[in-house]
Amino acid sequence: MTLFKSFFALFIQFLKNVWGSIQSPYATYRKIVAEDPYQLIIIFTLIAGYFFLASPLKLHTLHPFLLTVNASRLFTTVLCLYLGICFLLLGLSKLFNGVASLRSVLMAWGYSLIPTLVWFLVTLVMYVLIPPPRTETILGRGFSLLYLTFSLSLFFWKGLLYYLTLRFALKFDLTKIILASLLFFPLLGATSYFLYIFGIFKVPFI
Amino acid sequence: MGELVTKHMDNKTLYQNFYSRWQEVMELPPQTVGPLTPVYKRVVPFLKHAPWRILIPIALILVCVVALVHNLTAPQVASLLQRGF
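Protein chains in written order, with our numbering: chain P, 1 to 206; chain X, 1 to 85.
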């Protein structure tokens, strides 16, 4: 019962933080970096759930073994990417004389995966409900504009959470954020390119 | 007596709030961007509370502008992205 209670409390805290990162991201991120990293379990459970949902559509099969292998492969890639990025951010913090702790970076970057997960989930649902390709009709163009606006809005949200990660977890000022980004984005771009070349992700789950 | 205790507790809470806020500010000095600091101070409040109110219209305007200017049409880009999950 106590375990259930603590999990329920953790889940409520997680929902509050997700809502906070939409409504008041600055205040929420200030708080998140000092919180319990157990909340990451919820985020990664949702990500694993997404990969199990997406695998049948990616592989066009319902074979349980193939689906498990594919979902596990994608999940492991995302987990390694997440840890890699967190250690890269810690390295950048050391490089620019920051005072970041691993816990705060894990929490801040972990919550920045929420916009990514939302985009992938919505795209998956849209793929099932309204499969591509889109047409040049009024309805096709209308949906495309809405979908692109949604995608770009989530991209901005992700950008904002990236900035807040560097600001609150790494405690960087704007100069350091710009310098760190000059190192971070080329590395991220190269990683995304390799993920695409190896056929793991068309759009990187970052 | 009860009133005094409540007052004392209120002061304590006020002090605790002040102290945590003070620590927050001291831990992370306010952001400055040289001569652009006043501009930064005017823009940031829009991002601090409900940033979607500004981000969604900007995204919509950008998408419309790019859809009008660029050779690639919105349905082509949307189809490409829809297969990206």
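One thing to keep in mind: the hints can contain errors.
[As the list claims (entries may be wrong)] Okay, derived cross-link-like pairs now, DSS-like style, lysine-lysine, Cα gap no bigger than 25 Å in a straight line:
1. K31/P with K5/P
2. K171/P with K48/X
3. K48/X with K176/P
4. K176/P with K41/X
5. K31/P with K48/X
6. K202/P with K48/X
7. K171/P with K41/X
8. K202/P with K41/X
Note that these hints are calculated values from the structure, not bench results.
Hint check results:
This hinted pair checks out: K31/P and K5/P have alpha carbons roughly 22 Å apart, not beyond 25 Å. For the proposed pair K171/P and K48/X, the alpha carbon gap of about 17 Å is at most 25 Å, so the pair holds. Between the alpha carbons of K48/X and K176/P the distance comes to roughly 21 Å, so the proposed pair stays at or under 25 Å and holds. For the suggested pair K176/P and K41/X, the alpha carbons sit about 19 Å apart, so the restraint of at most 25 Å is met.
A threshold of 25 Å between alpha carbons decides the hint, and for K31/P with K48/X the separation of about 14 Å falls inside it, so the pair holds. Restraint check for K202/P and K48/X: the C-alpha separation of about 32 Å exceeds 25 Å, so the hint is violated. Of the supplied pair hints, the one linking K171/P and K41/X holds, its CA atoms being roughly 18 Å apart against a limit of 25 Å. Between K202/P and K41/X, the direct Cα distance comes to roughly 38 Å. Violation of the 25 Å bound is thereby established for this hinted pair.
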